[in-house]
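There are 2 protein chains.
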Amino acid sequence: MHYDKLQEHQQKISHLAYAKGQLSWDESTMMPAGGGEIRAKAMATIEGILHQNQTAEWLAESLEKAKEEPLNAWQKKNLGLLAEGFHARKALSQEFVERKTYILSKSEQAWPAFKKNHDWKGFLPTIEKAFGVLKEKAELLGDALGKTPYDALLHQYEPGLTMDFVDPLFSKLKNTLPGLIQEVRGQQEGWELTAFPEASVEEQYKLSISLMKKLGFDFNHGRLDTSAHPFCGGDPRDVRLTTRYDTKDLSTSLMSVLHETGHAMYEQGLPRKWLDQPVGKAIGMAAHESQSLFIEMQICLSQPFLNILSRHLTQKLGQHASFTAENLKARYHRVSPGFIRVDSDELTYPMHVILRYEIEKDLFAGKMTVKDIPERWNSMMQEFLGVNPKEQHGLGCLQDVHWPCGLFGYFPDYTLGAMIAACLRKQMNKDIPTLDQQIEEEDFAPMFSWLRKNFHEHGSHMNTRELLHKVSGSDLDVDVYLDHLKSRYLKP
Amino acid sequence: MHYDKLQEHQQKISHLAYAKGQLSWDESTMMPAGGGEIRAKAMATIEGILHQNQTAEWLAESLEKAKEEPLNAWQKKNLGLLAEGFHARKALSQEFVERKTYILSKSEQAWPAFKKNHDWKGFLPTIEKAFGVLKEKAELLGDALGKTPYDALLHQYEPGLTMDFVDPLFSKLKNTLPGLIQEVRGQQEGWELTAFPEASVEEQYKLSISLMKKLGFDFNHGRLDTSAHPFCGGDPRDVRLTTRYDTKDLSTSLMSVLHETGHAMYEQGLPRKWLDQPVGKAIGMAAHESQSLFIEMQICLSQPFLNILSRHLTQKLGQHASFTAENLKARYHRVSPGFIRVDSDELTYPMHVILRYEIEKDLFAGKMTVKDIPERWNSMMQEFLGVNPKEQHGLGCLQDVHWPCGLFGYFPDYTLGAMIAACLRKQMNKDIPTLDQQIEEEDFAPMFSWLRKNFHEHGSHMNTRELLHKVSGSDLDVDVYLDHLKSRYLKP
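Line order of the protein sequences matches chains A and B. Numbers 104 to 595, taken from our numbering, label the letters of the first sequence in order. Numbers 104 to 595, taken from our numbering, label the letters of the second sequence in order.
Isolated chain A (complex conformation):
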């Protein structure tokens, strides 16, 4: 009875969070700039009401008493997640979450213009405010959860994640990747790339839609739009994907749509019965990125899929020298250190993430301040990848929306997701020996059926490492990831 009441109350919270998610999607895709102020205020108000509901006095007792009730395994796990959410929320005040939401919404709205103008100095007061409010949150959460502030943030995006777990994995990558990159680049010398023909936004949109349909995206429960930064938002029953188009390079948007489709398929595969409860939601953002990167990196960058893509481009846009499978391989497998994380290849990408992770750790440990970011950024870019954006901060520390909108502690999940994806692929190869052939034949049903059964349908019933262990019999293994990279990029 207590449990039922908690579950019903949680449904209301889920509806409110859904409304806030819709406002946020609209803010990034539809909202005229002048709507920014009322939008930020309204989102702060809703966050405040969410907070009130999530910290209501009666919850403490009900959460205790519900433990005595006869519950099945999913209900038990759900109760545990509800209790944890309550405990974490209690560490914050309504005044704080309203202030934080307003500050971060305004900061996110302000960011594009400063990025465009490479104006770090102009943006500094705004990003200092955003960091300040996140530091406050991290400290409050950390105190309540018995974690360091930065671990509290890591945990918030991917339950159970700690620096102690991440450090050795990233350390191995940091020691291995630069050499690997150099070796691969040596082998790739002389690779030539034929430029893609110009393609209108309309043409690229249609191309994206047809690829999403090929993969099985359910357009009765989702749509594709345009935003400055691609993302997957909304709700499993109404998933909102976005991308952005470069009319001079259709290859960029294509892969980002496929990436976001991976996120969307995870959402659309979550257990229907539990969608409004924590146990029915995605485990965390490393888990989420594992699904997008499984589709993007493990599937869409593989030769069988590049063959599909080649046929598809020719069919939709006509014959063009750039549409051969060889040229697509040259485009997507070429390793080339650059400034921009989202445009980077599979091998250099983790170095971008590690750079951000190290800066974030030092910021939250008080070893550096926000003011120091550009210098640190540029010197690490030089060290890690041999490139330096100098004063062009729009190509440097201003390139990502994450910090302006307060997503500190999120970046590691991209690379952890890539590792999980590699582990999942290894197991899938064992379970579906004919996978490559199926992909070549454009039959994605067995693959998604495997992902649903082994990953999506579990919701948050287990955490990511438990789930991975259940699926593959092993914990997250950085060597599986490195093996994948070597086998794809190094000639024997």
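What the hints contain is simulated information worked out from the structure, not anything from laboratory work. Hints may be right or wrong, so weigh each one.
Intra- or inter-copy, both count: the list cannot distinguish identical chains.
Straight-line Cα separation of at most 20 Å, DMTMM-like style, residue types lysine to aspartate or glutamate; simulated pairs [to be verified]:
| hint | residue 1 | residue 2 |
| --- | --- | --- |
| 1 | K115 | E140 |
| 2 | K179 | D586 |
| 3 | K179 | D328 |
| 4 | K238 | D222 |
| 5 | K170 | E111 |
| 6 | K589 | D465 |
| 7 | K203 | E111 |
| 8 | K376 | E140 |
| 9 | K316 | E569 |
| 10 | K470 | D582 |
| 11 | K589 | D546 |
| 12 | K123 | E140 |
| 13 | K193 | E429 |
| 14 | K108 | E198 |
Remember, predicted model here, so these are calculated numbers, not experimental data.
Following the hints, position chain B against chain A.
Only chain B this time, still in chain A's reference frame:
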């Protein structure tokens, strides 16, 4: 102090209502069909939270005590509106408003398919449910406000409106218009209309945007999209207009965009300082329709604007026989009884409204049931306009979204709005003798400046009749409206 607290609390309510408005806009413009169930549930939850906030226990005492505080005229009026809103809300329960919101949202979602298939029988259980929940609301509100159920609904859309006020006005129209229509049709015999060239959605969208810009719509605080039924939603700081396009007849969408722009200009002209308080919102829907119809009927159907439109179409789409001012006049001034309210001309339009008004009155007085609607509809169409949709209910009683989404009591506001617009135009002609010339020269600034000063900026500080009296020295006068119609449509 009590007043300040009330005002702050109201701001939170306004933010929540804004969020609900955004969800509703998205539902009509963007949402994939499969998102309907969670959308309806979420909107019901938010309506419930709005209700909780609007009926909180402490409000009763604060509303009383605030009366003793030193307040200026706007604050006093605002307090009065807050008290009235509280009183009306108290008549309903949270359970009821959640149920009502869910039922109406689902009913609105279900309507288009039944309309398309002329399937009255199939839609009957749904529309009976929608009417049932509205009847329940009307009775609860009526009891609390000391009004009949239908008067309570009229009042909700346009404060102070009663059947006693509407009946004699509509009775005069009902007695005058059929004869006038016949006379005008006789004079128009032989009028020929050149069909418009086909125009793509993209072309029509661009045309719409350029006309909205011409009128002064602020795109930094609003946008134009597509929906099955044109509407103006959103917030004064982010106004969301919609239209629908017929590629075979660009004239339909054009005028509907201009109509919605009239709504939008009212919203964008409301007093900035008060936007989140009841005193800063539009007075009611008759007032709102007066602004859309002022633009559509009083301005855009006038000869000077048809001249502009002729030049504009030629400039944007090239020379075409249908783009002459004469042909535009033949298109927009031709009186021709038809099935569809939104496609009808200025003279027959009120008959469509009176038909709906009479059906609604009888439904709420228990003189007929929902089952009787089609027969009653068709016989009144025959009587009023000499046309009969028979079993094609999509062209008959299923044509409007209003009843499916619960807007009983709204229709009269269209024709009252047209009357108010005529009265405003009469006064404006006195105050701006060179108005026609200014319009011909595409100078709309003096006109909007007059509307802002005399109408928009007053928010809800006065009700519509008080405001009209202040502006023109007279009450709403049906003869001013009839004079306008005669002078436009009857040759001397």
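Now for the hints, and whether the structure bears them out:
Taking the closest pair of Cα atoms, K115 and E140 come within 20 Å of each other only across two copies (14 Å); inside a single copy the shortest separation is 26 Å, beyond that limit. Taking CA atoms no more than 20 Å apart as the test, K179 paired with D586 passes in neither setting, with 38 Å inside one copy and 74 Å between copies. Taking CA atoms no more than 20 Å apart as the test, K179 paired with D328 passes in neither setting, with 38 Å inside one copy and 46 Å between copies. Taking the shortest Cα distances, K238 and D222 never come within 20 Å of each other, neither inside one copy (23 Å) nor across copies (59 Å).
Within a single copy, K170 and E111 get their C-alpha atoms as close as 16 Å, which meets the 20 Å cut-off; across copies the closest is 39 Å, which misses it. For the identical chains of this complex, K589 and D465 are neighbours neither inside a copy (31 Å) nor across copies (78 Å), given an alpha-carbon limit of 20 Å. For the homomeric pair K203 and E111, the shortest alpha-carbon distance between copies (19 Å) is at most 20 Å, but the shortest distance inside one copy (28 Å) is not. Only between protomers do K376 and E140 lie at most 20 Å apart by alpha-carbon distance; the minimum there is 14 Å, versus 37 Å within a single protomer.
For the homomeric pair K316 and E569, neither the shortest alpha-carbon distance inside one copy (32 Å) nor that between copies (58 Å) is at most 20 Å. Neither within a single protomer nor between protomers do K470 and D582 lie at most 20 Å apart by alpha-carbon distance, with minima of 31 Å and 79 Å respectively. In the homo-oligomer, the alpha carbons of K589 and D546 never lie at most 20 Å apart, since the shortest distance is 27 Å inside one protomer and 69 Å across protomers. Taking identical chains as interchangeable, the C-alpha atoms of K123 and E140 lie at most 20 Å apart whether they share a chain (15 Å) or sit on different chains (17 Å).
For the homomeric pair K193 and E429, neither the shortest alpha-carbon distance inside one copy (56 Å) nor that between copies (70 Å) is at most 20 Å. In this assembly of identical chains, the alpha carbons of K108 and E198 lie at most 20 Å apart only when taken from different copies (16 Å versus 27 Å within one copy).
The earlier numbered hints that this structure contradicts are 2, 3, 4, 6, 9, 10, 11 and 13.
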